[in-house]
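Enquirer: Construct the complete structure from the given sequences, taking the supplied hints into account.
In this note's numbering, the protein residues as written are 1 to 81.
Derived from the structure by calculation, the hints contain no laboratory data.
All values reported here derive from a predicted model rather than from experimental measurement.
No residue lacks a Cβ here, since even glycine has one placed at the ideal position from N, Cα and C.
Heads up, a few of these hints could be off.
Said to hold, decoys possible - Cβ-Cβ distance ranges computed for the label pairs, FRET-style:
| no. | residue 1 | residue 2 | range |
| --- | --- | --- | --- |
| 1 | 71 | 29 | 35 to 43 Å |
| 2 | 7 | 42 | 18 to 26 Å |
| 3 | 52 | 7 | 21 to 29 Å |
| 4 | 75 | 5 | 47 to 55 Å |
| 5 | 3 | 33 | 23 to 31 Å |
| 6 | 75 | 37 | 51 to 59 Å |
| 7 | 77 | 29 | 39 to 47 Å |
| 8 | 37 | 80 | 56 to 64 Å |
| 9 | 71 | 17 | 31 to 39 Å |
| 10 | 18 | 76 | 34 to 42 Å |
| 11 | 21 | 70 | 30 to 38 Å |
| 12 | 18 | 78 | 34 to 42 Å |
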Amino acid sequence: MKPDVHPNYRPVVFQDLSSEFAFLTRSTIATKDTVKWEDGNEYPLVKVDISSHSHPFYTGKQKTLDVGGRVDKFRRRYAQK
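Expert: Have a look at this one:
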């Protein structure tokens, strides 16, 4: 690898602001915030609005829409004449 070409790949903590869920992974994202993690080390912190811990798809709290009615309405509106 060429020196000074690739971004710094390092451990980073991502924190979900809506559920206070956090996880440690590796990333190249730049951030100025830091946090002390469970292992006692200090890592860069990235704050996210939604993660798998709070997203309705993953939590099972999603709303089911009337998809069939919308499809029929679309077909009636744009049917070949």
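Enquirer: Would you mind marking each hint as holding or not holding in the structure?
Expert: Results of checking the hints against the structure:
A hinted range of 35 to 43 Å for the beta carbons of residue 71 and residue 29 is consistent with their spacing of about 40 Å. Taking 18 to 26 Å as the suggested C-beta distance range, the pair residue 7 and residue 42 conforms, at roughly 20 Å. Checked against the hint of 21 to 29 Å, the pair residue 52 and residue 7 passes, with Cβ atoms roughly 24 Å apart. Checking the proposed 47 to 55 Å range against residue 75 and residue 5 shows it holds: the Cβ atoms sit about 53 Å from each other.
Separation of residue 3 from residue 33 is about 28 Å and conforms to the stated range, judged on CB atoms against 23 to 31 Å. A hinted range of 51 to 59 Å holds for the C-beta pair residue 75 and residue 37, which are about 53 Å apart. In this structure the hint that residue 77 and residue 29 lie 39 to 47 Å apart at CB holds, the actual value being about 44 Å. The given range of 56 to 64 Å is respected by residue 37 and residue 80, whose C-beta atoms sit roughly 60 Å from each other.
At about 36 Å, the CB distance of residue 71 to residue 17 agrees with the hint of 31 to 39 Å. Range check, residue 18 to residue 76: about 39 Å between beta-carbon atoms, so the 34 to 42 Å window is met. Here the CB-CB span from residue 21 to residue 70 is close to 33 Å, well matched to the stated 30 to 38 Å. At about 38 Å, the CB distance of residue 18 to residue 78 agrees with the hint of 34 to 42 Å.
Checked against the numbered hints given earlier, this structure breaks none of them.
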